[in-house]
Structure formats: structure tokens, C-alpha cells
Amino acid sequence: MEYLSADKIAVIDLASRKVMEDELDEDLVTERIGGIGITKHLYEKYADEDPIVIGTGLLTGSLFPGSSLGILTARSPRTNNVCHAPFCQHAGMEFKYAGFDYIVIKGVSETPVYLWLHDGIADIKPADEIYDMTPWEIVDNKKGLRGKLGDELIQFLSVGKAAEVDTNAAQVLVNCWSSGDRWGFGRLFGEKKLKTIAMRGMGLMEVADPEDFLDKCTDLVSLLTQNPALAKKGCIAFPAAMGAENIVDWIAPLVHRHSAAFNTPFPYNTFVKYNEAPTVMKESDVEEPGVMITDIAALLGFKKLNLSAEQACRMIEACNKYGIDPTAAAAMLEKSGAGDFESMQKQVPGLKENTQDAGTTPFSPWCPSQPLFAAFDGATDAAWWQRRQAVAYIFGIDPIFAIMAPEITEAKLIEAVTTGTELEISADTLEDVIASVIS
Amino acid sequence: MGLKFDSLKCTSCMACELACGYHRDEALAMLASSIVTYRNREKKNYFGIMLKEPENLVLSRPEGWKSNASVSWMKTWKPTRPPNPSCSGRPAICVKMKKRDLSA
Ligand code: SF4
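Sequences listed follow chains A and B, in order.
According to this note's numbering, the first sequence is numbered sequentially starting from 1.
According to this note's numbering, the second sequence is numbered sequentially starting from 1.
Take the hints with a grain of salt, since some may be wrong.
As the list claims (entries may be wrong) - For lysine-lysine, the following PhoX-like pairs were computed, each having C-alpha atoms within a straight-line distance of at most 25 Å:
{"#": "1", "chain 1": "A", "residue 1": "Lys233", "chain 2": "B", "residue 2": "Lys9"}
{"#": "2", "chain 1": "A", "residue 1": "Lys161", "chain 2": "B", "residue 2": "Lys43"}
{"#": "3", "chain 1": "A", "residue 1": "Lys143", "chain 2": "B", "residue 2": "Lys43"}
{"#": "4", "chain 1": "A", "residue 1": "Lys142", "chain 2": "A", "residue 2": "Lys282"}
{"#": "5", "chain 1": "A", "residue 1": "Lys161", "chain 2": "A", "residue 2": "Lys106"}
{"#": "6", "chain 1": "B", "residue 1": "Lys52", "chain 2": "A", "residue 2": "Lys282"}
{"#": "7", "chain 1": "A", "residue 1": "Lys18", "chain 2": "A", "residue 2": "Lys106"}
{"#": "8", "chain 1": "A", "residue 1": "Lys148", "chain 2": "A", "residue 2": "Lys161"}
{"#": "9", "chain 1": "B", "residue 1": "Lys43", "chain 2": "A", "residue 2": "Lys148"}
{"#": "10", "chain 1": "B", "residue 1": "Lys9", "chain 2": "A", "residue 2": "Lys282"}
{"#": "11", "chain 1": "A", "residue 1": "Lys346", "chain 2": "B", "residue 2": "Lys43"}
{"#": "12", "chain 1": "A", "residue 1": "Lys193", "chain 2": "A", "residue 2": "Lys352"}
{"#": "13", "chain 1": "A", "residue 1": "Lys282", "chain 2": "B", "residue 2": "Lys43"}
{"#": "14", "chain 1": "A", "residue 1": "Lys346", "chain 2": "A", "residue 2": "Lys304"}
{"#": "15", "chain 1": "A", "residue 1": "Lys352", "chain 2": "A", "residue 2": "Lys161"}
{"#": "16", "chain 1": "A", "residue 1": "Lys304", "chain 2": "A", "residue 2": "Lys282"}
{"#": "17", "chain 1": "A", "residue 1": "Lys282", "chain 2": "B", "residue 2": "Lys66"}
{"#": "18", "chain 1": "A", "residue 1": "Lys233", "chain 2": "B", "residue 2": "Lys43"}
{"#": "19", "chain 1": "A", "residue 1": "Lys45", "chain 2": "A", "residue 2": "Lys106"}
{"#": "20", "chain 1": "B", "residue 1": "Lys9", "chain 2": "A", "residue 2": "Lys142"}
{"#": "21", "chain 1": "A", "residue 1": "Lys125", "chain 2": "A", "residue 2": "Lys8"}
{"#": "22", "chain 1": "B", "residue 1": "Lys43", "chain 2": "A", "residue 2": "Lys303"}
{"#": "23", "chain 1": "A", "residue 1": "Lys282", "chain 2": "A", "residue 2": "Lys335"}
{"#": "24", "chain 1": "A", "residue 1": "Lys18", "chain 2": "A", "residue 2": "Lys148"}
{"#": "25", "chain 1": "A", "residue 1": "Lys193", "chain 2": "A", "residue 2": "Lys142"}
No wet-lab data here; the hints were simulated from the structure.
If we strip away everything but chain B, and leave its shape as in the complex, we get (with noise of 0.2 Å):
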């Protein structure tokens, strides 16, 4: 299952990120979600979605996407747990997701 991001129609509204959590828990928790809205910079209005995996994040930002991402923020971020198998198959609450890639 791949995950499409279009950080540009993302409202923040962290259903991925609750659906995420469900998925791996079946409990409402986003402590185990790998998809994580980033809404730090709040009065900027600066906002997007971060996919964690195990050796990798991957930035969608509103002025494109990034792998391999290392920001000064990454101290409030949740652990990252390993993919669960059973993501596979479950049709996500958010069809919005698409990778966009402003910089070319």
C-alpha cells in the first residue's frame, strides 16, 4: 500500500493520523500512529503531514514534499513504531494524501 499526499488540500484536520492509530491499536490513540500532522508553527499557519518509518520521515510541506527530513522540532515528536502488516487492506478515512513535489 502506497500513502498519496497533497500537502496543499491538507486541512490539518488529523483524521490520518487518529485513523492511523486506530489501526494499529483498535483503541483511539495517536501515540502509535506513523502519520503525524505537524502543526507547530501555529501563529505562521505552517502546517503539513509527516510519514514516519523505521529509518526514514518523510516531509509533506506545503511547499513540497522531503525524505530523509531532519528538523529541529523532531524533540516532540512520538516514537516510531515498525509498519503493522495489517494497515494493508483498510480503506483510509482521507483520500486526500498524494505526493506533490513543488521543488522541480
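So here's chain A without its partners, still in its complex pose (with noise of 0.2 Å):
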């Protein structure tokens, strides 16, 4: 596969500490196009080796707008289905310009490991060193990986102790933040010692066309700057926006800065602060001086909780430490009777929790399912969202994004990847790709 692409697969097989490699079939994605369209082609085919799949869509890391999304696709513990984790920030572009286009983990490590995708090589590296650390200590400039690897922007999709606990609310997290994985593909890793998978590269991927597919993408981007989403910021703006209760006054006096997934209009990250000013924009020697808010359901389920929004965000970072999905967290402290925020702090390392949800959807509940801020044509039920989140997950898009910009047609998606790849993508193929990986 020349374009849009890293043309490479890796079969990775924990078990045997091997390595297969394969390029990109050029008519596996004329048929599959790419993202889940292919990670659910690839998971059906070493689905008798519980697979833990991972790849991008064809506009992953490019100028497309909104072109940030990473997939997890595996068996969820929480519902029993094949299900996709979407993981956005920097991670999903990393991954691709790392040199892969999906990667299937397979088998059972007998020791700790962790993954070094890399310039398109893929190692498996003992993770001794790391397995105690949290999710922040392995990305550590000084003590974890980043310093130990040399690159301070390696990119890291990790699990902490939550994962080697028996619960399905272990949560793969990118670097130190909480990600779209409300499945529990955090209790797969650790099934398989696989402690964190450390990415990056340098690649470089040619574009069939650069310039219709450059004036393409510009054209987008001019239209979006009419989108009201593009005057609000954070994902704190979101539950005003879904007719819910405003809490941007709330958590207004923690508020440092937000920012943006991968080439993403939106920046619907927000940092906050409250181990220094969250008006101090100088680097100041506090190492920890906050937490980034990617999960508007956890904030909200802690502030359910009575907790001050200083403490909802502690609650936060405690989560992300231990490495359990702080939306779960919050839902199990809540059932339980949680008590008062030190006494909440001090449960979260023992947080467990087995309960299987009904499973209606093979899409994460992390992005709100309804449109955001812009209002799009037609009916927007629970068919529009997962339709519209199928085809972000198959393109490459952001999935939050998707439902803010109803510029982002189908029509544009498929344009897109044609001229950037001169393949014949057609409304037909989308049409039984969606219905491929809706059933």
C-alpha cells in the first residue's frame, strides 16, 4: 500500500517473544478501506488467540481535519463483544508515523513486557524495570521510558495496577490522561504482562495526489471556521451543550489551558490546576501541578459525588495513577456509599469491579452521543451516533470531532482518501464497511 499508509502489519506473538511482518494489502483496503473496518478483519482472524488489535484509519496523522484517531479493538471483559477503544491526543498519528498501520498482539508473556514501536520496528523489551511504576512514572522524562529511550516525546498507551487486579475497569490510558477505553482492555493487557507500548517515529507517508488532497483538506478548514463549536473550548463546555447542567463556573478557577488532539479544531482537553496558580504559564519547577480532563463522564460522576471540583479532579488523577477508568470508578464509589474525598482517595486502589454491562454498541460511551455545538441534517438518535462513530473509526477521525462538524461528510471522507490514494473507495464499499462492523 503506497499512500496514506506505513504499509506494514505486525503480527506480534507475546508468547514466543516473535515478530511477522506484512505489508498493507492494497485490496484489503479497497475492500475494507481502513481503521475498524480493517482492525475487526484482522481480530476475526486470530480471534482463537485473543487478540488485541491496534491500528488507524487511512487519514490517521494527515491534514485531514480531525485525523487524531488511534483504534484498540478486542473482546471487552466488560460486555463479552468485540469492542473499539479509541485512543486520540498525540498517540494515534504516533503510532502511524512509528511505522505500523496495524499491529495484532497475540499470546501470553511468561515475564513483564512492554512494546518499542519504532521507525517500523517492533520490539519486545523485558519491562522489569517499569511494571511497578504508575502510568506517569513510565512516561517520566528523567525515571521512565522517555528518559530511559531518549525521546521525550515517545507517545504510550499503558495500564497500571488496576490491570493486574480482577477488574473490568482497567483502563488503557495515553501517557498520563484517561482514553476513550471504557472497555477494559486495561485487564487484557495485563492478562498478557504487557505494561505499556511505547511509540514513536519518524515516518513519512506519500499522498497520491498532494495537491488536490492538500486543496481538499484546506477547503475543509476554511468551511469549519464557520462552525460554532470552533468559539467554545474544553470538554467542560460539553454538558451545557447536551442540555445538562453548565459546570464551566464550577471548575472555571482551576482551568490552566486546553488543548487540542492531532491536527483536531477543537481543543476539548482541558488541564487544570491546583498544586500551583493555574494562571502561571511559566514552566515553574512543580512536576505535577495538575491533571488533563479527556473524560467529561468522570469529572461528572465525581461531582455527583459532592466532591468540590478540586477534589473531582484529584479523584481523577488518583484514577489515572492506578490505571482504572475513572468514569467506572466513580459509578462503583457512588454504589457503594462512597464517604467523604479522603476516604474515596484511599478506596481507589482497591476499586474492583466484574459487573458486565449490556453491550449495545461496539463504540466507546466516551464520546457524548448526541451532536455537539453544530446542529446536523436529519434524525440524530442512538442510528446517527453509531453510524457516525463507525465511520470516524473507519476513516481515522476523531470521534468527538465527527459529531461537532457536520461539515465531515461522507462524501468529503471518501473524496479524501480517493485522491490521497488514487484507490476505488466508492459510497458502496463505506455502505457495507458500516454495516460490516455495526453487526
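Build the complex: two chains, separate frames, hints provided.
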């Protein structure tokens, strides 16, 4: 596969420590497009070996707005169905620039390991030194893997101690922060003795018609400047937009800055500071001034437990360090009659839950289930949301941005990949792939 | 062509870095980019933009801009290439860049 691709699928067997590599076949892309079209195909191919499949869309890492998405596909311990968890920030694009379109992780390692994906090479490395670390320690520029591997921009998909206990709420984090993994995929990492996946690369991806691809992307960017979402900032603006309580005033005294996932025009990650003044813009000596809010449901979950904004944010930090899905943790604490803040903080490292969800969709509820800020034509019901998610996950578009940007139409996505790859990908192909991933 | 940075408006989305690399290589690659988002201080949420010139480095930091910069994390930077004449004339993907001096 020559264009919009790293042209590589790696099958990584943790049991035998062997890595097999294959090219990404153009016929497969013509048939399944990419993203979850292909991660699901690879999952089914290796289903007997309980794989975790990781991949990106054709547009991931490209000039197309919102192109930040990476996907984990596996059987969820929470639903017992094959589900997809999004990872964005800068990790989706880094996976692709590290030289991989897809990896299949199968088998169970005898001893703790981590994967080091760099410049088209997949190394299986011993994880003894980092096994007891929190996700925050793993990324550390000095003592963690960024320090050890000599690159402060390495991106990680990590698990914490929650992955070693019997809980379906263990989460795969992006660096220090919560991801869209609401499926308990952290537990699967733990079972495989896989502590983290470190990713970094300086890859180059060719575009079949670079001039036309650029024009299509810049035209879309121009259209997006009219989108009302661009006047808002942060996931803290979501609840009011969804007709729920406006929490902006509640959290505002802690807000430092908002940041965006790769090439995504809406900065929905909200960083809050509570260990130094949020107004401090200079780099200070405070190593851990606060936490990044990446999942609004988690913040709302802790707010519901009558915590102050600072306490709610500190709970998210505690969950991130332990490696547990903070939204699930808030629900567990609510159910058990959590007590006060100090008692809740103490409970985090022991939180466990193995209840099963009904699992009505393979897409993560991390993404709000209705349009945000902008209006879409037609019904915007559960079927709309599911289709919108499927399309985003197929092409590599940030699923949250997808529900804010009606300008990103299916036709425009198809045009972009057709221009970018010169492959024949039609609306009928997309229809077939959507049907196969929703079924 | 001049570049205007407003680092307080920057969201660390990397679109400028990607666009610069694309202008140079007509491909998706950030190795060749002269605009680099620095995001090495993730836990501190400290980020901004660097512009690499052949003999100079301009930092657009949240607290203000700085020319002739030299900082400890240079080891992770990519090699500098001279400006590409073909950069002029094309619209930038992001229009958020504007120089800002907060030290005044
Ligand atoms: S300067 Fe603009 S395009 Fe560049 S990273 Fe910041 S927000 Fe993104």
C-alpha cells in the first residue's frame, strides 16, 4: 500500500516473542477501507488467540481535520463483545508515524514486557524495571521510559496496577491521561503481561495527489471556521451543550489551558491545576501541577458525589495513576456509598468491579451520544450516533470532533481517501464496511 | 512571508508542523518541518511553538517569545533545514500564529 499508509501490519506473539511483518495489501484496503474495517477483520482472523488489534485509519496523521484517531479492537471484558476503544491526543498519529498501520498482539508473555514501536520496528522488551510504575512514572522524562529511551516525545498506551487485579474497569491510558477505553482493555494488557506500548517515529507517508489532497483539506478547514464549536473550548463545555448542568463556572477557577488532539480544530482536553496557580504560564518547578480532563463523564461522575471541583480532579488523577477507568470508578464509589473525599481517595487502589454491561454498541460511550454545538441534518438518534462513530473509526477521525463537525461528510471522507490513495473506494464500499462493523 | 505566533491561543494540535513538512516534502512527514510544537513537558501542560531558522531558533512560549533560544531539550529536536522558497504564497493551515511579547 503506497499511499496514506506505513505499509505495515505486524503480528506480535508475546508467548514466542516473535514478530511477523506483512505489507498492507491494497486489495484489503479497497475492500475494508481501514480503521475498524481492518482491525475487526484482523481480530476475526486471529480470534482463537485472544488478540488485541491496534490500528489507524487512512486519514490518521494526515492534513484532514480531526485526523487524530488510533483504535484498540478486542473482546471487551465488560461486554464480552468485540469492541473498539479510541485513543487520540498525539498517540494515534504517533502509532502510524512509528511505521505501523496495524498490529496484532497475541499470546501471553511469561514475564512482564513492553512493546517499543519505532521507525517500523517492533521490539518486545523486558518490563521488569517499569512493572511497578504508574502510567505517570512510565512517561517520566527522567526516571521513566522517555528518559531511558532518550526521547521526550514518545507516546504511550499504558496500564497501571488496576490491570493486575480482577477488574473489568482497568483502563489503557494515553500517556498519563484517560483514554476512550471504557471496555476494560487494561485488563487484557494485564493478562498478557503487557505493561505499555511505547511509540515514536519519523515516518513519511506519501499522498497520491498531494496538491489535490491539500486543496480538499484546506477547503474543509475554511468551511470549519464557520462552525460554532470553534468558539467554545474544552470538554467542560459539553454538559451545557447537551442540555445538562453547566459546569463551566464550577471548574473555571482551576482551568489552565485547553489542548487539542492531533490536527483537531476543537481543543477538548482541559488541563486543570491545583498544585499551583492555574494562571502560571511559565514552566515552574512543580512537576505535577494538575491533571488533564479527557473524559467529561468522569468529571461529572465525581461531581455527583458532592465533591468540590478540586477534589473531583484529584480523584481523576488518583484513578489515572492506578490505571482504572475514572468514570467506572465514580460509579463504583457511588454504589458503595463512598463517604468523604479522603475516604474515596483511599479506596481507589482497591476498586474492583466485574459487572457486565449490556453492550449495545461496539463504540465507546466516551464520546457523547448527541451532536455537540453544531446542527446535523436529519434525525440525530442512536442510529445516527452509531453510524457517525463507525465512519470516524473507519477513516481515522476523532470521534468527538465527528459529532461537532457536520462539515465532515461521508462524501468528503471518501473523496479525501480516493485522492490520497488513488484507490477505488465508493459509497457502496463504505456502506458494506459500516454494516460489517455495526453488526 | 512572516509568521505570527500567539502561543496562548496554541492548542498543541501540530497542524502547523504537519503543514510545514507537507510544504517541503509534498508528503506527510514532520521530520522536515521548521515549525515544531514543543510538548516535552506534558505533565506540566507546558507547550508552545518553535521556529527553526538556519542560524536561529525562535520560541513562542506561553510566557512570551524568545529569539536565539537554547534550551536543555534540544537533543530531541529534528535537524534544521534551510527555509524552502516554495513555502511562500501558500495559505497556512492555521491562522492562529501571531508573535506575542509578554515580557514587556
Ligand atoms: S500554532 Fe496553531 S496549528 Fe500550530 S500547534 Fe498551535 S494551534 Fe496548532
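- Are the Cα positions of A:Lys142 and A:Lys282 separated by 25 Å at most? holds, 20 Å
- For the pair supplied as a hint, A:Lys18 and A:Lys148, is the alpha-carbon distance within the 25 Å limit? Holds, at roughly 24 Å.
- Item | A:Lys282 paired with B:Lys66 [C-alpha distance capped at 25 Å] | holds, 13 Å
- Query: Going straight from one Cα to the other, do A:Lys18 and A:Lys106 come out at no more than 25 Å?
  - Reply: holds, 10 Å
- Message: Just to be careful, I want the Cα atoms of A:Lys346 and A:Lys304 compared with a cutoff of 25 Å; is the pair within it?
- Response: holds, 18 Å
- Sort out whether B:Lys43 lies within 25 Å of A:Lys143, counting only the CA atoms. holds, 14 Å
- Message: Run the distance test for A:Lys193 versus A:Lys142: straight-line Cα separation, threshold 25 Å.
- Response: holds, 24 Å
- Message: So if I understand the rule, the pair passes when the alpha-carbon distance is 25 Å or less; does A:Lys282 with B:Lys43 pass?
- Response: Distance of about 14 Å is within 25 Å: holds.
- Task: Would you mind confirming whether the straight-line C-alpha gap from A:Lys148 to A:Lys161 stays at or under 25 Å?
- Result: holds, 21 Å
- Has the given pair, A:Lys352 with A:Lys161, been kept, meaning a C-alpha gap of at most 25 Å? holds, 11 Å
- Item | Pair hint outcome, B:Lys43 versus A:Lys148 [Cα-Cα no greater than 25 Å] | holds, 17 Å
- Query: Quick one, are B:Lys9 and A:Lys282 close enough, alpha carbons at most 25 Å?
  - Reply: holds, 15 Å
Hints 16, 20, 23, counting from the list given before, are not met by this structure.
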